[in-house]
Each structure stands twice: as structure tokens, then as C-alpha cells.
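Starting from the known structure of chain A, fit chains B and C onto it as the hints suggest.
Spelled out from the first residue to the last, the chains are:
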Amino acid sequence: MTNRVLDLGGLDALIGVLREDGRVVVGPVLRDNAITLAELESAADLPGGWGVETGPGHYRVRRRADTAVFGHSAGPQSWKRFLHPPRRTLVTSDGNGFRAAPDPAPDYAFLGVRPCDLAAIAKLRQVIGGRKPFVVAAQCTEPGEVCFCASMGCGPAAGPGYDIALTERIDEQGQRFLATGGTDEGAAVLDRVPARRATPEDTALAEQDVQAAARTMGRAMPELDLRDLLAANRDSAHWEAVAERCLTCGNCTMVCPTCFCVSVEDHTDLDGTAERAQRWASCFEIDFSYLHGGAVRTSPAARYRQWMTHKLGTWHDQFGTSGCVGCGRCIAWCPAGIDITEEAAALTREHGGEQR
Amino acid sequence: MTIPMTDLDALPLLMNLSHTQRAALAGVSRIETYEPGTRLFDEGGLADQCWVVLSGCVMIDAAVPPRGRVTLQSIGPGELLGWSWLVPPYRWHFGATVVSPTRAAVVDTGALRQLADDDPALGYQLSLILIDALLNRLQATRIRLLDLYRNPS
Amino acid sequence: MTWTPTPYRVATRTVETHDTVTLALRPVAESLPAFLPGQFAMIYAHGVGEIPISISAIPGDGTLVHTIRAVGAVSKALHDAEPGTVLGVRGPFGTAWRLDGVEDLLVVAGGIGLAPLRPVLGHPSKHTLLIAGARTPQDLLYQAELTQLSDVDTVLTVDHGDDDWQGRVGFVTEPLASVPLDPERTTALLCGPEPMMRFCARTLLGRGVPAERIQVSLERNMQCGAGLCGHCQLGPLLLCREGPVTGYPVAEPLLLAKEL
Numbered sequence: 001m002t003n004r005v006l007d008l009g010g011l012d013a014l015i016g017v018l019r020e021d022g023r024v025v026v027g028p029v030l031r032d033n034a035i036t037l038a039e040l041e042s043a044a045d046l047p048g049g050w051g052v053e054t055g056p057g058h059y060r061v062r063r064r065a066d067t068a069v070f071g072h073s074a075g076p077q078s079w080k081r082f083l084h085p086p087r088r089t090l091v092t093s094d095g096n097g098f099r100a101a102p103d104p105a106p107d108y109a110f111l112g113v114r115p116c117d118l119a120a121i122a123k124l125r126q127v128i129g130g131r132k133p134f135v136v137a138a139q140c141t142e143p144g145e146v147c148f149c150a151s152m153g154c155g156p157a158a159g160p161g162y163d164i165a166l167t168e169r170i171d172e173q174g175q176r177f178l179a180t181g182g183t184d185e186g187a188a189v190l191d192r193v194p195a196r197r198a199t200p201e202d203t204a205l206a207e208q209d210v211q212a213a214a215r216t217m218g219r220a221m222p223e224l225d226l227r228d229l230l231a232a233n234r235d236s237a238h239w240e241a242v243a244e245r246c247l248t249c250g251n252c253t254m255v256c257p258t259c260f261c262v263s264v265e266d267h268t269d270l271d272g273t274a275e276r277a278q279r280w281a282s283c284f285e286i287d288f289s290y291l292h293g294g295a296v297r298t299s300p301a302a303r304y305r306q307w308m309t310h311k312l313g314t315w316h317d318q319f320g321t322s323g324c325v326g327c328g329r330c331i332a333w334c335p336a337g338i339d340i341t342e343e344a345a346a347l348t349r350e351h352g353g354e355q356r
Numbered sequence: 001m002t003i004p005m006t007d008l009d010a011l012p013l014l015m016n017l018s019h020t021q022r023a024a025l026a027g028v029s030r031i032e033t034y035e036p037g038t039r040l041f042d043e044g045g046l047a048d049q050c051w052v053v054l055s056g057c058v059m060i061d062a063a064v065p066p067r068g069r070v071t072l073q074s075i076g077p078g079e080l081l082g083w084s085w086l087v088p089p090y091r092w093h094f095g096a097t098v099v100s101p102t103r104a105a106v107v108d109t110g111a112l113r114q115l116a117d118d119d120p121a122l123g124y125q126l127s128l129i130l131i132d133a134l135l136n137r138l139q140a141t142r143i144r145l146l147d148l149y150r151n152p153s
Numbered sequence: 001m002t003w004t005p006t007p008y009r010v011a012t013r014t015v016e017t018h019d020t021v022t023l024a025l026r027p028v029a030e031s032l033p034a035f036l037p038g039q040f041a042m043i044y045a046h047g048v049g050e051i052p053i054s055i056s057a058i059p060g061d062g063t064l065v066h067t068i069r070a071v072g073a074v075s076k077a078l079h080d081a082e083p084g085t086v087l088g089v090r091g092p093f094g095t096a097w098r099l100d101g102v103e104d105l106l107v108v109a110g111g112i113g114l115a116p117l118r119p120v121l122g123h124p125s126k127h128t129l130l131i132a133g134a135r136t137p138q139d140l141l142y143q144a145e146l147t148q149l150s151d152v153d154t155v156l157t158v159d160h161g162d163d164d165w166q167g168r169v170g171f172v173t174e175p176l177a178s179v180p181l182d183p184e185r186t187t188a189l190l191c192g193p194e195p196m197m198r199f200c201a202r203t204l205l206g207r208g209v210p211a212e213r214i215q216v217s218l219e220r221n222m223q224c225g226a227g228l229c230g231h232c233q234l235g236p237l238l239l240c241r242e243g244p245v246t247g248y249p250v251a252e253p254l255l256l257a258k259e260l
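These protein sequence lines are chains A, B and C, in that order. Anchor point for the first sequence: position 312 equals 312 in the UniProt record's numbering, and the numbering is continuous, going up by one each time. Anchor point for the second sequence: position 19 equals 19 in the UniProt record's numbering, and the numbering is continuous, going up by one each time. Anchor point for the third sequence: position 120 equals 120 in the UniProt record's numbering, and the numbering is continuous, going up by one each time.
If you are wondering where the hints come from, they were derived from the structure by calculation, not from laboratory data. Careful, some of the hints might be misleading.
Only pairs whose alpha carbons sit at most 20 Å apart, straight line, appear in this in silico DMTMM-like list of lysine to aspartate or glutamate [stated by the list, open to error]:
#1 A:K132 with A:D287
#2 A:K132 with A:E39
#3 C:K76 with C:D153
#4 C:K76 with A:D21
#5 C:K126 with C:D182
#6 A:K132 with A:D21
#7 A:K132 with A:D103
#8 C:K258 with A:E240
#9 C:K126 with C:D104
#10 C:K258 with A:D287
#11 A:K132 with A:E185
#12 A:K132 with A:D184
#13 C:K126 with C:D151
#14 C:K258 with C:E194
#15 A:K132 with A:D107
#16 C:K76 with A:D266
#17 C:K126 with C:D162
#18 C:K258 with A:E285
#19 C:K258 with A:D228
#20 C:K258 with A:E39
#21 C:K76 with C:E16
#22 C:K126 with C:E194
#23 A:K123 with A:D225
#24 C:K76 with A:D171
#25 A:K123 with A:D317
#26 C:K126 with C:D163
#27 C:K258 with A:D184
Only chain A is shown next, with the shape it has when bound in the complex (with noise of 0.2 Å):
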């Protein structure tokens, strides 16, 4: 497939072709102070000069010296939310019967996936399953200060799963985005949208400007086998280190693009109708573990421990793969600033001591 040179006058037009095909196109806005994600019209809704400035416990947007509309790390909202709503009604009965309540989710076109929320939706998908998106994403050239991609695998580049990628790239020539085709869908659509064709120079300074995002990367997890080291740490006194500073909020489950868990709820209604709806869950609800006569995990390092234990090893267990993708979301929304980078570095350097 030829790579194509899309000028922000041609991402608008990409748009357009893909709300003509009927999708929902989906990308980041800027709202309530926050890049979020929303449905987009046109190139014109996108963040255009808008960055962000994060670090743990910390997220501010900032002005950019350019007028980049992917010059943004990761955001609060996760394409999570989409492909599994908060809140979705199951089931409706009457006593008698019952019904499945209809998926009301539409053609979803993803626009702006950074890598690691490609990874994400990868992980998510293989857990819930559903109707793939269409996705265009966009390779990260400028990680934030929270950011651990490239030590988990899923970035800056982007991985499989794309239909389109995009590597925006501004300099004296101007704003432009390197598109790649991924998928023959993604090569179609790329072929209804102005553009010129990619040089070899065009080309390898995206290639130059990823590579180089991996070697600014604000963090990095330990270089070792995360499932060994979390199996083998279950009764360390780490985690009660972290449950001192662990509020058990559940900030990290809920931004984070992977963290899949829901409760169902029955609500009834005074006409004898009741319904079964799953809302997103975290496993630092105290209930979330209840068993007949009270809860499993009580204590915060437990609950802790269930958390990052899951999310780094035993998911390696359940899916056969990690489930974290290294976007930093759990250490900027974290009102403690807890690191899941550095808690991990702690245990390492742990048990590291205890084999010694």
C-alpha cells in the first residue's frame, strides 16, 4: 500500500468520507479543560494547538506553540467508553420472560487512537468482544510525562490493528499527517481522500520522529517478568506500603482502556417490569468481592494487590497477555499519585534484595 500525504484540509476530508459511510466518528475534543473524546463533525472540532501537561496525581491542558491536533498524550476518557459503555441494560423481564435489551452502539470510527489505546482496544476487545471500529490512529511522536508505552510493547508505534495510521508532523513545509493504509477498508478509504503521495522522505521522517517519542518517554516499567515478580510477591509488605497512600477511589480502573470488570444491578419498577443493567465496576469497591457474609478483600493492599496483580499478571493468565499498555492514565488520575511504574520498580527491587 502507498503512503499518502493528507494536509489538515485532507483529515478533514477523511472525516467526511467516513461519516458519509454512515459512522459515528469519534475523536479528541477539547472540553472541560480535559482532551476528551467525542464525536467529531469535522478536522475543525479537533484539539488544534492544544496540549497536555501530566505527571502523577497531575493533568493540565496547555497552549502549543504549533497547532498539532494529536500533540496530546493520553486524556481521562479512554475509547472504553465506547466500546463499553458505562452503563448498558442487559436484560428487561416482566416475571415471566425476558428480553434482551438491544445493543444501541452505532458504526464507530475511532480517529486519533494513540498506540497505546490501539493496544487497548485490542486487550478490551479480546475480553468483551463486539463489533470492531473502524480506527485511525495516530502514531505518538511526542509522548507525556507519564507515559510508558514503548517498555510495555504498545508504542509509540503504531501496532496491528489499524485501518488508517497517521503521524502528524509540522515544520517549515507546513502541517501535514503521513497516512498509512492498514486494512483494504482503510487503503479505500485513504483512496476517496485528497492527498498526494508519500515521498521516501516523507516517510522516513515519521519513522524518525516515532523512533525518537520512544527515547523521550516520561517512564518505563522494569525490565523483567511482571507475572513471575506479582505471583511471587502475593505476601509482601510492599502493598501495605501502597494502601497507606491508596485512597481506593478506583480513579485507576475507570481511566484505564483496559480495566473490563462490571456489577449487574436489577432495578424494578412499580409496574412489576425489572431490569438488569452492568455498570463499570472497579475491584477496589469493597463489594466487588462479596461473597455471602461480607467481602473477600476488605483491606486496601489487598484490593490494591488485586488490581495491579491483574492488570500486569495474572491477565497473562486469563488472556494470555498483559493487561496494561504502558498510557500513564492510573498515574495522572490518581489523586495520591500513586506509579504503577514505580510500585513495580519497588517490588523489584524487593525481592531482588530477598534472593540475594
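Chains B and C only, in chain A's frame:
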């Protein structure tokens, strides 16, 4: 009635004894059969023997006014009944009643002590057997204290 | 996986103890695939909620038999369901007791843990020994049925006896330590409160039964039945998928971890 060796050989309790050691034990034991309702001992009585139940069931009880005799524990096939002969003042702490037709090896504990004194290797094995049985009883009693089967609601 | 239950009607309701009943459910129209001993259904009480309940008998005519103890809001609603009530059922879910090549079958149950084991008591193994524990004689499930089972030796034991009680008083580990068994031929199935299973397994290991031939039935919060909701995790296991029946070598370290 003397004790058939096949009875002792089949007991998991005595698994770690050699055939010779089991024969020595048989030498200080006799077989008795008991009808349901037979009172084997009462609290306060002299503890000078113990039983290995071969078949049937014996209940251990304590007198608790005004509830009468409260059953605490049953002793079934393969289990040891009676510990108070081990330590002063050699008086039974509880009572015991046979509740189903029971066949048991009754051990003369005085003679058993003599055996253990004469043959320390056998004495050591017997101590281990007693500790094993006692530990099993203690642990089971502790688990019962947990009241695991209660309705949590 | 579907979240939509299949309607079943309560055909009979048998009171087992003061807090436990056995419901026989007949399909209203469509029926679910056959259950294996050890597997469970998600049973929905209209408007109240849905909980996992093991299959406690497999009559073979499509009737689902479940023994339910009232311990929470949903189990209370199911416990109280009179004949004619329509319940929603999903399943079968989870792993079954592994009975292939079993020689001597040893079944140890505590409390309501007898329910998931009842379907294996008719298994044509060469010799089945059942040791079942309960709080009091009045709490023992299926008493009449157990005494009539052929080819099954039964030891019933309670924590607290009464004047009429002719069985044993004590914990299941006591008969377990002294019953004759051939460790080379024994397959043990354990179901009951976690400490009970841990203690029983250790007693069996002490008697030379290999851990590989000890199976336990584990329980955690279950909501979906298909590994989608995340609630039933026990370390690496999603118990609705890799459980409830689990080999002891896998279960032991998980059962020993605190608040896992």
C-alpha cells in the same frame, strides 16, 4: 479375648509400627464388644485403660446442669478413646457411653507404660502415635470453634 | 455468552432444613444444555438478582435440581419461590468434577457443600465413601436419601449433637484421618467452607493421597458466568471458567493467600 493381629494391622493409627511392635501392643490389649448404652467411664473415675475403637461408636460427654449429659465428641472406628491415664491425677475428665454396637481393643495402660519403658524405640513410636491422634483431635476441635457451617445472614 | 436467562418454572419445592430448600425446575419452553456434576447455573429471581447455584441432582429428563440456602437477598427470594414461580436460568457454567478413571471415590462435604457433590454419589466407581459434616443433625441435607444410597458408605458428623443423634459428633477431619482408604486408589472430592477444604486436603496429604487426586470446589462472587465481569477472580483463575472445580495443586497456594 485376645486380639487378632489383622485388627491392628488395618489401623491407620498404628501404620508406623512394625508388625513386631504391633504384636507387643496386642499383648497388652484385649478385644471387647459393647452393647449400645454401655457406660465405659464417668468423670472422676480412675483412668487406667484406653480404647481403640475398631467398629461402632462411643460418645464423650460432660455433665452440665441443667442440660444433663452434653455430647461433645464421638469416637469412631480407628480412633483412640481415653487420654487421662497419661497424666496425673489419672482421673477421667469426661464420661463415655457406647451408642452403637461397638468392638474395641482395650489397652492396659499400666502394661503399655511398662512396654514403653522397656523398649524406648517402641515408646518413642507410641508417643508419636499419641501426639498424632491428640493433634488431630485438637485441630478438629479448634475448627469446630470456627462454627464454619453457620448461616452468615 | 448471553445475559438473557431461560425461563424455568419451579415444579417442586422440598424443605431440607430450616434455611435450605431444594427446587426442581422445569423449562417453560426452551431448555438449557445438560449440566455435569460440579457445574453451576446463574439463577435469577425476578427483580431481585441473580446468583450462582450448583446443580445438586441430574435426573436426566431436563429437570434442573438446585439446593438453595437462604443467606442473602437473592438466595432468600429463590428459597421462598413457591411451585409455579418462574425463575430465569443461565448455564451450564464452570468445570465439572473429574471422574475419569476413578477407582475409589472419597467425597467429603461440609454444610451446603454437600449439594454440588450429591450428583457424583451415583457414580459407578468401585467404592464410594461419603463423609459429610453439618452444624447440627437438623442441618444435615438429604438425610433420608443418604441412608438409602447403595454402594456408598456414609459417615455423617455434626458439630453439636442432640439426644436423638446416632451419628458422629466432631469435624470431618476426624473420620477422615482414621477411615480405611487406599491412597494409591483414592480420588477425593472436597466441597465446603474454605478452611474445611484446606484441613481435609492436608489430612489426605498426610495419609498419602497425592495432591493431584484431590479436587476442591471454590467460590467467589460471580455475576456473568463467562469471564466477563471480573468478580470471580482468585489469583490467576477466573473461577466461573477455570472453576469451581479445581485441582488441589492449583488451589492450595491460592487458598493460603490472605484476602486473595
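Now the hints, each set against the structure:
1. Pair hint K132 of chain A plus D287 of chain A does not hold up; C-alpha atoms about 32 Å apart against a cutoff of 20 Å.
2. A C-alpha spacing of about 17 Å is found between K132 of chain A and E39 of chain A, which places the hinted pair at or below 20 Å, so the restraint holds.
3. Distance restraint check for K76 of chain C and D153 of chain C: the Cα-Cα separation of roughly 33 Å exceeds the 20 Å cut-off, and the hinted pair is therefore not satisfied.
4. Simply put, K76 of chain C and D21 of chain A have alpha-carbon atoms about 52 Å apart, too far for the 20 Å limit, and the pair is violated.
5. A threshold of 20 Å between alpha carbons decides the hint, and for K126 of chain C with D182 of chain C the separation of about 12 Å falls inside it, so the pair holds.
6. Distance check on the hinted pair: K132 of chain A and D21 of chain A sit about 15 Å apart at the alpha-carbon level, within 20 Å; holds.
7. Only pairs whose Cα atoms come within 20 Å are accepted, and K132 of chain A paired with D103 of chain A is accepted, the gap being roughly 14 Å.
8. Restraint check for K258 of chain C and E240 of chain A: the C-alpha separation of about 13 Å stays at or below 20 Å, so the hint holds.
9. With a C-alpha separation of about 6 Å, the suggested pair K126 of chain C and D104 of chain C falls inside the 20 Å cut-off, and the hint holds.
10. Our distance criterion of 20 Å between C-alpha atoms is met by K258 of chain C and D287 of chain A, whose separation comes to about 17 Å.
11. Note on K132 of chain A and E185 of chain A: the hinted pairing holds, with a Cα-Cα distance of about 12 Å set against a maximum of 20 Å.
12. Proximity of K132 of chain A to D184 of chain A is assessed by CA-CA distance (about 15 Å); at most 20 Å being required, the pair is judged to hold.
13. In summary, the hint linking K126 of chain C to D151 of chain C is supported, as the alpha carbons are separated by about 8 Å, within the 20 Å threshold.
14. Restraint check for K258 of chain C and E194 of chain C: satisfied, since their Cα atoms lie roughly 12 Å apart, inside the 20 Å limit.
15. At most 20 Å may separate the alpha-carbon atoms for a hinted pair to count; K132 of chain A and D107 of chain A meet this at roughly 9 Å.
16. For a cut-off of 20 Å, the pair hint linking K76 of chain C to D266 of chain A stands: about 16 Å separates their Cα positions.
17. Between K126 of chain C and D162 of chain C, the direct Cα distance comes to roughly 34 Å. Violation of the 20 Å bound is thereby established for this hinted pair.
18. A hinted pair counts as satisfied when its Cα atoms are at most 20 Å apart, and K258 of chain C with E285 of chain A qualifies at roughly 18 Å.
19. Under the criterion of a C-alpha separation no larger than 20 Å, the hint pairing K258 of chain C with D228 of chain A is consistent with the structure, at around 18 Å.
20. The suggested pairing of K258 of chain C with E39 of chain A is violated, with an alpha-carbon distance near 46 Å, which exceeds 20 Å.
21. Restraint check for K76 of chain C and E16 of chain C: satisfied, since their Cα atoms lie roughly 14 Å apart, inside the 20 Å limit.
22. Proposed proximity of K126 of chain C and E194 of chain C is contradicted: the alpha carbons are some 28 Å apart, above 20 Å.
23. At roughly 19 Å between alpha-carbon atoms, K123 of chain A and D225 of chain A fall within 20 Å of each other, so this suggested pair holds.
24. Annotation: proposed proximity of K76 of chain C to D171 of chain A is violated, straight-line Cα distance about 69 Å (limit 20 Å).
25. Taking the CA atoms of K123 of chain A and D317 of chain A, the gap is about 14 Å. The hint holds against a cut of 20 Å.
26. Distance restraint check for K126 of chain C and D163 of chain C: the Cα-Cα separation of roughly 35 Å exceeds the 20 Å cut-off, and the hinted pair is therefore not satisfied.
27. Taking the CA atoms of K258 of chain C and D184 of chain A, the gap is about 51 Å. The hint is violated against a cut of 20 Å.
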